Structure formats: C-alpha cells, structure tokens
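For chain A, the structure is supplied; the task is to place chains B and C on it using the hints.
Chains A, B and C supply the protein sequences, listed in that same order.
According to numbering that gives the first Met the number 0, the stretch in the first sequence is residues 0 to 358, in order.
According to numbering that gives the first Met the number 0, the stretch in the second sequence is residues 0 to 409, in order.
According to numbering that gives the first Met the number 0, the stretch in the third sequence is residues 0 to 637, in order.
It is worth saying that the hints were derived from the structure and are not from the lab.
One or more hints might be untrue.
[As the list claims (entries may be wrong)] Below, simulated EDC-like cross-link-like pairs (lysine to aspartate or glutamate); rule was C-alpha separation at most 16 Å, straight line:
#1 493/C - 138/B
#2 302/C - 114/A
#3 344/C - 196/A
#4 493/C - 354/B
#5 388/C - 519/C
#6 334/C - 184/A
#7 360/C - 172/B
Note that the structure is predicted; figures quoted are calculated from it, not measured.
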Amino acid sequence: MLNYIIRRLLLMIPTIIGITLLVFLVMAMSPGGLTAGIRGQEGNMRPDQRKKIEEYYKKRYGLDQPLYRQYLRWLNHVLPFGAKEAGEGFPRKWPVGLKSPDLGESLMRHRPVIDVVAEALPVTILLNLITVPVIYAISITAGIYAARRRGNSFDVAWGTTSLALWSIPTMWAGVMFLGLFANRDVINIFPASGLHDTLAEQMRFLPSWPGGVFARGWLLDFAWHLTLPIICLTYGGFAFMSKLMRASVLENLSADFARTARAKGLTDRAVLFRHVLSNSVLPLITVAAGILPGLLGGSLIVESIFSINGMGRLMIDAIFQKDRELVMSEAFVIGIVSLVSLLVADLCYAAADPRVTYE
Amino acid sequence: MSNFAATPADAGTDVQFPTSNVDVPLPWLAQVWKQSISQRAARFGLAWISVVAFCAIFAPLLANSFPIAIKMNGRWSSPFLHQLTATDVTLPILTLLCGILCFVRRIGFLSKIYTMLIATVIVGSLAFIFIRPPNTPRETYRLLERAGRLQSVVRTPIPYTFDDRLYDQFSADHPHPWAPSHDHWMGTEKFGADITSQMIYACRIAMAIGFISTGISVLIGIVFGGLMGYFVGIVDLLGMRVIEIVGAIPTIYLLLIFVAAFPDYRSIYLIMAIIGLTSWTGDARFVRAEFLKLRNQEFVHAAIAAGLPLRSVLFKHLLPNALAPLLVSASFGIAGAILSESTLSFLGLGIPVGDASWGALLNEAVSAGGGFIWWLATYPGLAIFLTVLSYNFIGEAVRDALDPKLRERS
Amino acid sequence: MENRFGLKDALLTFFLLVVIILIVLAMVQFDRQWEQIQKVRGQLDEQSKELRTINASLANGIAVNPGAVATTQATPTTGAGADPFATLRAVTTTPDFARGDWLIDMFPGQVAKLTPMLSTDVYASNVQEQILDSLAQRDPDTLAWTGLIAKNWKIIDNSAAYDAYVAKQKEAGKTAEEIAKDPALPEAVRIHFTLRDNVRFSDGEPLTADDVVFSYDFTMNPAIAAPRDRAYLERIKRVEKKGPYDVEFVYAEPYFEAFNLAAGMAILPKHFYEKFKPEDFNQSVGLLLGSGPYRLEDPESWKPGTPIQLVRNERYWGLAPAFERLVYQEISSDKARLATFRNGKADLFSASPEQYRELIKDDALMSHVQNFEYQNLIGGYRYVAWNEKNPLFADKRVRQALTMLLDRERMIQQIAYGYGVLATGPFNPQSKQSNPDVKGWPFDVEKAKALLADAGFKLGADNVLRMPDGKPFEFKLTYPAGGSNYDQMALFMKDAYSRAGIVLKPDPLEWGAFTQRLEEKNFEAISLGWSAGVEGDIYQMFHSSQMGPGGDDFMSYKSEKLDGLIDAARRTMDEPARMKLWQQAHAVLHEDQPYTFLWYGKSLIFVDKRVENIHRVTLGLNPRTEWYVPTKAQKWTK
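Here chain A stands alone, though its shape is the one from the complex (with noise of 0.2 Å):
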C-alpha cells in the first residue's frame, strides 16, 4: 500500500510539471507578451516614464529573460530547495540549498501570490464543502428512493427531471436567479451579489431580536447570501450523482448476496439498509474526486455571476492581465488539488472495498 502511494505521489511529480508547463507556454504565445499587461495597467503616462517603469518590472520579475530561464525561476520558486536568492534576474547567486518554498510575486498586483490565492482560496473551498454534502445527501436519498419504486411515477419523473437539471447551463440558472430572486421589479428577496451584507462586520454572529426587531445576525447573513450560488453549483450534481445511486442500488439489489438475505427472510427494507446500502455508496465515493474540476469549473461562473472573490474570478481577472506568476500559481494549486482528491479517491475506496488492493 505505502509502496503504491508513493509511486502514485512521484508520479504527480511529471504531471505537475507539466501542468504548469502547458500554462507557461500557452501564456507565453500570447501575443504582447507579459509586460504588455503591464503596461496595460500603467495607463495614460508619458512615453519615457511608460518606458522606464516597463523595463524596471522586465528586469524585477526575469522578463527579459529566455523562456527557459524564466520558467525555471519560477520552478525555483515554488520548490523547497534550489537557488535562495535568485535575486534580480535568475540566477545571480547560487547558495543552493534548502529554502522556504513560495509562488512568487504577482506580475500585476506586486504582491506575493501566495497572500493573494490566500484571500480567494477560502471563499472557494467553502462552497465547495458545502455542494459536496448537499449533493451527497440529495443524490443519495434520491437514488434509494427511485431505486425501491423502480419504475413508478416518481422514478421515472426524477430521471427525466435529473437529465433535465443536468442539462440546465449554469449561467442560464444563475442570470434566471438574479432577475427573478433578486430583482427589486419582480420578487427581491435575495441579495444580488457577495458573500456578506456592507455592514456584516457591525453584526451580531446570532440572530438576535434587539427591541423586538430582527436582526440577522453575521451567521445568518452569510447563509443568506450563500443561498442562491449554493444552489447553482448543486442542482447539476446531484442530477448525474442520483442516477449513479439508483444504478447502483439497483444492481446490488439483485446480487447474490441480496437474495441470500432475502431468502433468510429478512424484509426488504432490511435488505436494502442492512447490506445493500452500504455497497452502493461506494462508487459514490470514486467519482468524488472526479467532480471536483468540475466543481471548480463551475465555481469560476458561478462566482463571475454573483460577484464572489474566489478563486474563479481571481483566475479570469490574472489570465486577462496577463498575470503569468498567478495563473501558474493558480494552475499548480488546483493541480495539486485536483491529483491529491483522486488519489485519496483511490485510496478511500480501497479502504471501503477490501477486494480492492494496490499492490
């Protein structure tokens, strides 16, 4: 076990690298380059002075470097150990050693990437953690349900209407919210945009009823606003997580080892909850890991339309500035992300299945 596990994680290795390999170069054909998105930024100023602060930042971020070099700096960067100081320029000084790992500077932002995936990280994480269970709990009741009346009118009405939510584009569901949920002409009774009210932070975490009016509270203020995103990034997968359910279900209902606990007299509802529930979770548990970049994906519309700082918005924002150390950033956590879920996918259902080894 410990032996595939490692071989699994040096393979990530090469992937990882090539993740932020494919980024490098595709943003390095981008016509213009990086400093063009420099300069982009630096606005109406007098050719010299544009001129000036365009070769200082070529020069502070390796720009006018070879390709090579410059993705090699970054490579620096991110590992734990290699060049210290790459100083102006890589490398000038060659202490190389063991170093704190970090993800550069932002082109645009001048700030350290790491600070800037720090704030917008969260926000992402969180509504994923709560999709997650959402479409879990849902898909699961779901699918037990459809698959015990198989055939009735409720299985054959969730089937259609799950394909018909999974069809549903997001954007679509997300402007549809917006103008009819939070819309002060038609029914407004949703906010419109963020995460939390102007004033959360004067809040009281409960609700609370201050001189018999109520007061939202912080807590309740965020759900609120959480509510309608929420929604958009669930409806999609609990559509194709139910059918998954019922298929399942359905299968080991009729496996052999259901019919011996039948035939043993036991009830179906016994049946089913005793034996067969538990088997059929499990290729639940394997394709986790595999909704998860689509989960992101989703994430990145989902808070382009109601105006959420995560990590979605942050990459549309640094891929159209051309923010290279960004992107890169962003392309390796949610690599790292995306490689360490499967395999702990993987790892889950060998725990859960003890016919299932990695050896």
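Here is chains B and C on its own, set in the frame of chain A:
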C-alpha cells in the same frame, strides 16, 4: 434512470456485446440506432435537433432583410438571391447531397463519409471563392418600400437579417433593447438587431461548434488512446501523464487560458479548435482501456497466433467496435461543447462582435442598470438548454441501447 | 464485513464534518471579536497618548497660533492663495450643519496596495488623497492655487536667462547634451515655499521642511520601487531645505508645469517611512500616514481584502470635515455595485450612461438619491485615430470625409445615451485651451463622398469604394475589448461607413495585446479615450517626436506647424500667452483630423439624498470635505 431508458429486465437481451461482434459492425449499429430511437426522449431530442438543424441550414429563408422577390419599376427581381453568402449556399447544397447519399444503398458507409467530406471541401471552397454578396445597407429595401417605390414585395417570415441593426429606426427616447412586439417577436438586443433572427442564425454556430469540436476531440482521443493502447509501456505511461495534465485543470480554466492567448485571431473556428483540444481526455482514456482489455482477449490471441499482426487486429478490427460506445461520449461531448461555447460567449470571449450566438445574447440579459431583460434571458437560455438536453437524451438512449450493463456502471 | 465503510460511517463522517464546520465558524466569530477588541484597545491607547500631550502642552502654556494670516510678498509671481477653508467655514454656519455620519463609496476594483508610490491604481490614489496633504491645491472653482501646507510661495522665473545662455552656447556649436551638463548653465526656475508651522501628521509629529525634502529624496531613491513617481518628479533637479519651515524646489529647464509638480507632491512623514528598509518598503501593502483630514486607523497593518475605512484625523491642522469616517467598498462587479447602492448600502455611485438612463427612471431609487450630471473639466474624450502609414488614411481629405460620414450627434444619443458633448479637438470645450472659433465637421454624407472621389476613390460594382489601384476601402477598427459600449460604437461605425461603400471590421483586443499593437503601430484605425488634466498637454499624442517607439503619436502624424506650437506652449510660463498657442494648435488639429474626435463624456453621479451641500464647481463637484449630513438624517453612526 427514466422510463425512456429501458430497465434491465426488458432491455438489451437481443443486443450483442460490442466486442463479440468483430466483422459486421453495420447491422449492429443499425440495431442500436433502432433501439435508441424507439425511446420517447430520444425522439424528442432528435426532433429538437432537427429543428435547430433546419434553422441553421435555411436561416436566410427564414429571416432576411432582403425580400425574396420585389417588383420595382414593373420588373420582378430577387435581392435575396444576390445577397446570399457562401455559407448560405453551401449548407443547403451539402444537406441535399447528404440526403441523396442516405438513400443510395449501393455505397458503403465509409465511402459515403468520404464522399461527403470531399464534397464539403469542393463546394465550400468554390462557394467562398465565387460568392461575394455586394455591400448593401440592410435597410435598403425597407426604405424603398416605405418610399412607395416597390409595387409588390415578398418577404421572409422574419424580415430582418441577424446583423440588421435597424440603422433607419433610431429614436433617442426609445433605445434598444426593445421588448417583444408584433414587429419583433422576441424583441431586439442591445445593438438593435432582431432577436428572433439572431436566434435562428445562432443555430449555425451551435450546430457547427457541437459537431466540429467534438469531431476534433474524438479524433484526438482515438489516435492518442489508440497509440497508448497499442504501444503500451513507456508510451502508455507518458500518454497517461499528458491525459492527467489536461484532465487535472478544469476545462473552463484551460479554455480561458487558451482563448486569452489568441486575442488577435478570435474567430469561431479557433473556439472550435480550442474546445476540441481541451475535451479529448475522456475519449482517449476510453479507447486505451478498450484496447488494453481487448489485447488479452482470447480471440485476439487466436488472431495473432493465426498470423494477423496486432496492429491490424487492433486498428482494423477492434477500433470499429469501440466506435459505437464513442458515439455515446460524442453525443454528451456535443452537449458539452455547446455549453462551453455559450459559457465563453457569456463571459464575452466567444464569437466575433456582431455575430449571433445564444451565449452572447444571454450575456445581455442583465442590463447595465441592473434591470432584468427577460426576453434576453428566456429565449437564448431555453435554446441552449433544449439543445443540450436533446443531445443528452440521445446519448442516454444510445448508451442504454448499447449495453444495459454499461449504464449501470456509468 | 466489520471493516467496511458503511452507512453508519458515512453518517458519522457527515456528523463530524458538521461539527468541524461549526467549530471553524465559532473560531471565526472569536476572531471577529478579538479584532474588535484590538481596535478598541488601539483607540484607547491613542486617546490616552493624546491626553498626555494635551496635558504636557497645558503645562507649558498654549502657543498662540500665528499661521492663519498669509503674508504676501512683493514679487509679482508670489502666491499664497486665499484661506483654503473659506467655503467650508461658510458651510459650517448653515443651521443644519452637523458633523458625524459616514460616507460610503465604492471602488470597481480591488485595491492591491495603499502604500504611496507603490500603488498603481486610481482607487489607492483616491484614498491617499484624503490622507496625504500637499503643499498647495487648486481651488476647485476658481482653479487658482491656494496654499495648504505651504503658507505662501515665490516663483523665481529665470528662464529668460536660461534661454539666452542656451542660445549662446548653441551658436558656439555645442550639442544639447553638452549644454545640459554645463555647470555654468543657469537654473531656469526656482520655487520657494514657506510652510505653516502648525501642521502635524496624524500621529502627532510636526511637519517640517525635512519632511518635504525627504518626500522628494525618498521618491528619487532608486532602491524604492517607485518608477512612476520618479519619472514625474525627474524634472525637479533638487529640493533644498532653507529653514525649518522653508523649502526650495529647483528646476534645470523651464517647464510650464513646474509649479504643479512641486505643489502637488504628497508630503510623507520622514520619521515614519524612514524606519523601513527599501526592500521592506517595496514589499509593504498598507503603509500610509500623512497630515490630511483623514487617516487610517492603523497606518501599518492594512491588508488587501480588508475593508478600507478612514477615520477623521482629529489632529488635522485645518478645519475638520463633517464625515467621521470615509468607507470604501471594493466591489468589482458592476451589477453588485449597483445592487449595493440601490439597497442603500453605499452613498455614492458613479454610473455609466446606460445605467444612468435606466436609473433616473427608477422611482424607488430616486426617492432616496440625488443625481448629478455634468461635463467635467477633467473628463476625457473618445476618438478614432487613423494610421497615416496606411495609404488609405494618408490623405487629409479622406480623414475629413471619414469624420463627416459619422453622425456624431446621433452617436452621442445612441451610444452615450445623450450624456456627451461633441468633441472638436483634444481640449475640453470648457477650458481656455479650446479655440472657440473651431466648429466641428458637420455630418454631411454628400460632401464626404465628394471628398473621397477627389481623393481618387471610386465605387466598385459590389458597392465598395476602391482605390485607384483597385484595392477595396476595407479596414479594421481596433479597440479595447470588454466594454459593450465600444462594441456598440464599432458596429455603429460599421453600419455608417457601409453606406458610403467603406467596409469596417470591428476588431476588439484585450488591453495587453492592444497596447502592443499601438507600440508596433500595427493597426489601421483604433479607438480609445484620453483623460484630461486641468490643462491638457497634447505633446505626447501629437508631437512628431513622439512617433518613435513608446510614443503616443502611434498614427505617425506629423505637422511642423503643430510641433512648433506645442514646443512654444510648453516653454511658456505665462498663462494667457500659452493659451493662445494651445488654441492655434486646436485649429491645426481640426483641419488635419489625425483623430476623428468623437465626444466628451459626462460625469453621471448619484449620491444619497441625506448628504447635503453638494454642488457643481468648475472641477466637477465640490470636494467631499464640504459635504455633510444633518443630525436627523445621519444613518451609519446611529
């Protein structure tokens, strides 16, 4: 799943498992087709896609600012014919050809496909070389009619081309977008174009994006997965890394990075290529797995023992069988590609300015002032939804017909 | 079986997850409380410190404040300006004037850094404006300079001697570089400022001449990552301390903006910024301390993503403004910003024409906001520039025709929704630089067609104009992608030009790629907007020396006459004479049409109704320090 999907009890008993049927793929495919189409959902899907395809092919006949026929100074003429673009001409011709080929029974399936491909290239290039509609303001005939210079006019059902921004109908008090009315059934968009017309012309992009980018991705998937499955060993290991690399980044991120890299050459073809380039990993995985599985089958060993080279066994005899399950993934792939294009257009990155796309229309649904323009949200959104749903229905049905087991494992 | 992951385990995991989430939330809450306590503690510290200083000064006896009366000196180029707080003082006497309440503004982007000189966005500079003070400021209405930190000043204009010396050396055959290095070269301009002696930074330290000299030296230190500010201040040769409250700015060459540079420079506290190493300073994000009317609660700890809240600087030397706090919300989405304003969660909203048109019809909104619509003196204009390297646009007649083919009044109606003023040249129609005799080219299709025919274009069989060599009149209009407003404009122009047989292809480009095209001059026509200053300098756009790489004369426009006029204007320190020269330049540009000037946009601003005393002044709206909320209407401090 649904009542459309056959339940395990009654389905698939007469469907042969793909791998056990090496030599006669066609009747089997036909069977799958029959099986899928017998389901209500698949029929609905096909019907909707036919509607979209019809709109795409005959768009200029449905919505055009230039009348089909006019009588001016006592003489009949057809501005419509003069204004046809190369695309307008190519599409119906190819459709006609396709229809004819379908009814010819003598020619094999593959040769039909080759014929179509060659015809597409020839007709397309001829049309693009020789057909150049003159530069005529879109409102020309509206103005003539208003001035009373036309004795009679025969118009298309919707008398506006998708890029007719109503230059002659400006009013400062009543700026676009206009709500649906008798003149504009689905209203107008921000720049003044008729939405009904835009929706019809946008069918072209939806169809093209779906088929071309999925074609690209399936092709890459087959070649890549096939090579991995054939060579195994180091090629397989490297190939898997490439698949992991592309698969580990969410598709939408990859799309954005690629699109941002080519700001200069933004065109619909580039978007197609990019969508194709970012969505092939599933197909490659599938083909590889299939090849790896088949390599160890007894009949393959037997074939190799009988003197057939592995290459020939895998690519000539096994690949056609793997194609049918690929149809399922292609069908879902088309749905995904349409979604991707709409998403890009929604983020303002898709098609060139002034062209028609459902996603781009949807992007305008929330006005700058925060108002909700319901006609811009409802119609394009519904169109995307129905199209994606249709392809999903079809994919589902084909999958069920192929193998009930496959569905359960999904 | 025992080893399996069963439903119970799943439930247990789920339960555990819920517990973890709850714990995290509890921790968040605890953190919030901790922050609040820290804030309160900081304020208490601050107050007790203040109390100690007051006690100390009471013990020493109170010094009489002598700074209020300005002493004007005899030389004609002396200035001191009137009382900078005259208008505010008048406002404080209105019956319902009250101090208190907050003003909540919104930024359409995230502020990355607040540290002066390191920050690159406008938003940060808006914040800095409230915190950092400069030597003098322009009166927003009369546009005359009034002293802020500077009590008075004296401009010693030695440019005549400078010019004479340069001319003589040139005759002697020396090159410009040699002359510049010549130690005997007289310094062209010197400006002497006398500072007020009662100005203190918000941490209580007095502001002296040392801080002024430091502000300049610090910026010019190459180790500091302030290339932008350095580039601006480079024209200043040096800043000298002439006494505890006297400084002198020295310029090597005559420059018409010499005074603006010195007077507008933000004064940084030496004792505060000195303590940071350049590398640490360069990495910092929120080091901001000054002597202005507002201050950050903690001048060192602000981080991006945390709210920007400025509190009133109780140690401000001048008249305290009404608002207790200025709050800036960072909301990058247009829709979200609007929603926040609609719900009364923000007090200010600057609308696009499209939004404005929609919003003024919204009764629910208009019941609690007031709107302002004005043409700003420093508002910018939009234009289309024709690349004269392209044979299509080399002919002046063609450029004139292209302008006349556009119904620009309708464009203003259709694209700017009527909130714009036709532009005839690069100078704001309200400014003295603008030539009142220049009337814009009319919308005249027939005349335009005649001009095009004159220039040798003929209409082909396919209704497309053709050059004499048979090439069709077809070009790409390149513009920055992302704004639907630009898209709309490009499509309008496409439709308008197609009526004269000209084929225009819209070509939106991302900003980065767009600027590269400009740099490489690899475009046919581009559209963009320039923003303007109080006095626009057109050197970088139209002077032929700016044709080279990095210059803004990307259309390769060259007019000897215009070059001469611009050069002369930039060296003329005398204002009326300079304005005459600018006006002549305006006429030349009108005739040559290197740009098709489109329109000046209007500023469209909504402010919450409870805010009083907002009115138009020459520079836009009167400064926020003069606004107030009557006690009854106060909202945020309740």
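Verification of the hints:
1. 493/C - 138/B: Answer holds: residue 493/C to residue 138/B is near 14 Å, not above 16 Å.
2. 302/C - 114/A: 10 Å, holds
3. 344/C - 196/A: Holds, at roughly 8 Å.
4. 493/C - 354/B: 13 Å, holds
5. 388/C - 519/C: 12 Å, holds
6. 334/C - 184/A: 15 Å, holds
7. 360/C - 172/B: Satisfied, since the Cα-Cα distance of roughly 12 Å is no more than 16 Å.
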